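S.K.: Take a look at the letters that make up each chain.
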Amino acid sequence: MLLGAAWKRQKFSVCAIFLMIAIAALSLFTAITLYTSGTASVEDKMDRLGFGDFTVWVSAQPERLLAEIAQTADVESAIQQEIIYAGYEVNGNHSDNEGQLIADDGTIPYHFIDRSGESVNLSEIPVGNIYVSPAMESMFDVQIGDTIQFNLSRTNGRKAFTVAGYFEDAFMGSSMIDMKSFLVNSEDYEEMLQIMADAAAIDVLGRSGAMLHISKNPSSGLTDTEFYEALQEHTELARYMDFTYRKDSILSYMLLLQNIVAGFLMIFSMVLFVICLIMIRHSLTLVIQQEKGDMAILRTMGLTGNILRSIYVTLYGGSGFLGVVLGAVFCRMVAENIAKGMVTSTGMLVDIRTPAGLLFGVFVICMLVLMAAVFTQTGKILHIAPMQTLRETKSAARVQSPFSRRYLLVHIAVREVLADRNKYISLCLIAMILTVFLSVIGHMGAWLGPNGEGLMNSFSVAEHDLGVQPLNQTVPMDEIERVINWYSPVVEQYELAMQSVTVNGQEYTANVLDDTRWFHMLSGSVCDDDSILITDTVAREMNLEIGDTVRVSANGRMGEYEVSGIYQCANGMGTNIGMSIGGYARIDDITGYIWCKHYILENGSVRDYVYNYLEEHYRGIDVHTNSWSGLSGIVFVMHMLIVLLYVVTAVIILITVALVAGKLLQSEKSNMAIYKSLGLHTGKLRISFALRFLIVVLGGALLGFVAAGILADPLIGVVFKRFGIGEFAAGFSMLGNIVPLVAIPLLFTLSAWFYSARLSWVSIVELISEDGE
Amino acid sequence: MDHTKVKTPVISGKNIVQTFGQTKVLNEISIEIYDGDFTVVMGTSGSGKSTLLYCLSGMEQAAGGTILCGNQEITGASEKELTKLRADKFGFVFQKTHLVSNLTLYENIVMSGLIGSGLGEKDVRKRAKELAARMNLQDAADRLPSQVSGGEAQRAAVARAVMGDPAILFADEPTGALNKANTKEVLNLFTKLHEKGQTILLVTHDKEAALRGNRILYIEDGRVVSELALSEYGKDKDAREKKLTAWLEGLGW
Chain A
1 MLLGAAWKRQ KFSVCAIFLM IAIAALSLFT AITLYTSGTA SVEDKMDRLG FGDFTVWVSA
61 QPERLLAEIA QTADVESAIQ QEIIYAGYEV NGNHSDNEGQ LIADDGTIPY HFIDRSGESV
121 NLSEIPVGNI YVSPAMESMF DVQIGDTIQF NLSRTNGRKA FTVAGYFEDA FMGSSMIDMK
181 SFLVNSEDYE EMLQIMADAA AIDVLGRSGA MLHISKNPSS GLTDTEFYEA LQEHTELARY
241 MDFTYRKDSI LSYMLLLQNI VAGFLMIFSM VLFVICLIMI RHSLTLVIQQ EKGDMAILRT
301 MGLTGNILRS IYVTLYGGSG FLGVVLGAVF CRMVAENIAK GMVTSTGMLV DIRTPAGLLF
361 GVFVICMLVL MAAVFTQTGK ILHIAPMQTL RETKSAARVQ SPFSRRYLLV HIAVREVLAD
421 RNKYISLCLI AMILTVFLSV IGHMGAWLGP NGEGLMNSFS VAEHDLGVQP LNQTVPMDEI
481 ERVINWYSPV VEQYELAMQS VTVNGQEYTA NVLDDTRWFH MLSGSVCDDD SILITDTVAR
541 EMNLEIGDTV RVSANGRMGE YEVSGIYQCA NGMGTNIGMS IGGYARIDDI TGYIWCKHYI
601 LENGSVRDYV YNYLEEHYRG IDVHTNSWSG LSGIVFVMHM LIVLLYVVTA VIILITVALV
661 AGKLLQSEKS NMAIYKSLGL HTGKLRISFA LRFLIVVLGG ALLGFVAAGI LADPLIGVVF
721 KRFGIGEFAA GFSMLGNIVP LVAIPLLFTL SAWFYSARLS WVSIVELISE DGE
Chain B
1001 MDHTKVKTPV ISGKNIVQTF GQTKVLNEIS IEIYDGDFTV VMGTSGSGKS TLLYCLSGME
1061 QAAGGTILCG NQEITGASEK ELTKLRADKF GFVFQKTHLV SNLTLYENIV MSGLIGSGLG
1121 EKDVRKRAKE LAARMNLQDA ADRLPSQVSG GEAQRAAVAR AVMGDPAILF ADEPTGALNK
1181 ANTKEVLNLF TKLHEKGQTI LLVTHDKEAA LRGNRILYIE DGRVVSELAL SEYGKDKDAR
1241 EKKLTAWLEG LGW
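If you're matching them up, the sequences are chains A and B in order. Numbered according to my numbering, the first sequence spans residues 1 to 773. Numbered according to my numbering, the second sequence spans residues 1001 to 1253.
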């Protein structure tokens, strides 16, 4: 009976807390499910496709290499998978990277899928058809029925395919990976090999090659790095390989977007949980204060403090329990939908598996924290002394604040806040937390920029608007530069070569610049001919510090270099080093067509026009902007995520205001009625009520503004380090600093004003007669 | 002072009906409150006397009938019009003092002036000080309602009610929660205010309080069943008491 009565009075608060906890738990469990499922699922699929621990891409001597590798100690297996490398065009876009064509001859169990990632039965790929990763949609807007044309040789060497569907490419499928695999019929594959064989050597554009999938013996005591070093030492791998990827690097690429989403959800759920705890504290404090009298009467009737406490523990603890259960029940469904929504970015559908043990552990922790909060707050019930409480009269704190007719509403608001400041602490804290949260989101949005500039700059070696790499001596670079200058004057230019090297035996990309001041330095000094720069990722992976000496080799030549500094380049998840042209010249030939000229334009907005013009009018060049094909998809998802989190924050604010305002109005009914009876119009009372929220929330938002100024960049930096972005600095921005400072108080104030409409519906008599002094 | 002969109604109600659910609390009551009168409404619990006060003051909208304050109709008036009436023409004293809990007694009085009176801010503060002095609140003026006695709080409530020089002062059981000494103090205040020409409508079931009025109405089942004029007895307390007692006994009190 008592529980029923308490439920009747508290149902709104209890339901609101249940809702917030359910959202928080749903986000948390979804993030965990998504993260663990993603890793396990991609790993399984990679194993099914035989990726091994490493896959090495070669374009010469695969059989010889394979034999050498197979004889190396600690190698469990080495499998060769033949491929054809060829540039391609699709929907009017010429791909910056070669595609790799694979014959679906049944030896590798590829899965065919539809646009949403669900399995599709296909016994054999028909001749003339091609199957692609769903990520091709976000990269090149590829749809079923489109034509993809591969350039195999200059003389009648084009082979066109019709896109017939999608396949699950577990290690090249993500939109984060530029190089894409294509599945074709064996007959078509043979025909392409024939086209290349028939063409004169000078005209051949495509090339045959292979992927060598290498697995380490599980009983080997070598680390992956040591194993890889051993392979390089005992085989001619370094001489013939194009590039190589470790399993964990591929996992990072494949799941980049999904992990970002999971990270966002995780942070959001943490914020929401803290808000829930504050709200539980706030609600219980006010409820106990308001119902102290009734509790005192019940205690005089013989009810113990523990029985009274159990009522509130049941209500609030129960709502928390149900909320967490709801989150646990629906997390799988939400995770599945998120995974489906990201198929065109991840390139495959992640199989969602519920990590039951982990979720149960998190469930228990959540419940322990919630119950601890409820128990702590309801402890006050035990200390209610019946007679003393009944004798107590309503009191208020004596505070001094001015009163004048001109600012009467403000002065009333200030007095109410100062007199009952304990009631507003929770509101202030929540405003602070939400401001920090929105600032973090805003900092990311500002850094990301409208076109993903932040991401582009972090992933590129150095800033540029346009890059042009001549691939042979016939390219008229003078004329090309005149064209570029016609669109916009070139402000700066430098040259970059991206070459494959090994550092202490580990494969990395060397970014070689003719002008080293363009490197994004984080610490130390710029490299010279005897030194190199490394990223945070390389420093972590190889346990290197500034001042250490490393062996760098390329094409069989090796040199020793000192690490002079740490620089920022997230390309390849940060697995790269920076070198000067003089430094690289010590170990490799620098006279080939390896140099890409980078231009910074006075008017960067014309870069796409220049790109298109050069693509259409010149052959033998590789043109690119400071972007990559999958970027727009990622930027779109990130922007949507930011919008979604703003919307969810607005919903949290609405719920918070409803909870706080409901309790405040209840406790201040009497004062409101008195002001009304004195002739203060309801409209003015509502403004004064909303002003209280403005005052308190503005205070909290200012604290949040300061905290975000100090914490936002380092906090994001910690998360971004995982993705190879060594340093995050968004700096001061409208979106990251000003918008949250304005949006949070505004949303709270407007919500409070709307919520206070209930003041209009209640008569003074009702207000006065309900209140007891 | 006795102004009943002038018969200028400050508020007049015709056929006022008020219902709560199926219960008819006011049953077509017609009543006029005259300027300068100290009208007392008596009746048993549930007779409708407080409801009548709330309807006449516009705090509750009557379900039927017409109520006029001067030329302005209260029944059907908008919230804005009623707010203005409360600010400019009405003063209220309740059984529970209903002072703003976080304002001192002085600030409570000032607040009423800032909201309602047409006085300048300086004059409001000056008048509030004068009223506090008149109500013998000098020592308690800077204290919060929770820090003063019931009598002091109620005297502050009266001062607040008359701060804007209202056309009529509505009082709903103003002594209901006070002890004998405080009751006397507050009633003396009402008498003094009446003597200075303040129109008062007092709802009470306290005979002592009723004795201060010059016109007593008795309500039963939502109707005025009897009316007594005490003005002819002037300040002769014994005669007034005797008359009132006999009248009430006649009504089965």
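It is worth saying that the hints were derived from the structure and are not from the lab. Values in this document were obtained by computation on a predicted structure and should not be read as measured data. Careful, some of the hints might be misleading.
Claimed, not checked - Capping the alpha-carbon separation at 20 Å, the derived lysine-lysine pairs in PhoX-like fashion look like this:
1. K684/A to K1080/B
2. K1207/B to K1237/B
3. K1024/B to K1007/B
4. K684/A to K1084/B
5. K1207/B to K669/A
S.K.: Work down the list of hints and note, for each, if the structure agrees.
M.R.: Verification of the hints:
no.	hint	result
1	K684/A to K1080/B	holds (11 Å)
2	K1207/B to K1237/B	holds (12 Å)
3	K1024/B to K1007/B	violated (30 Å)
4	K684/A to K1084/B	holds (13 Å)
5	K1207/B to K669/A	violated (32 Å)
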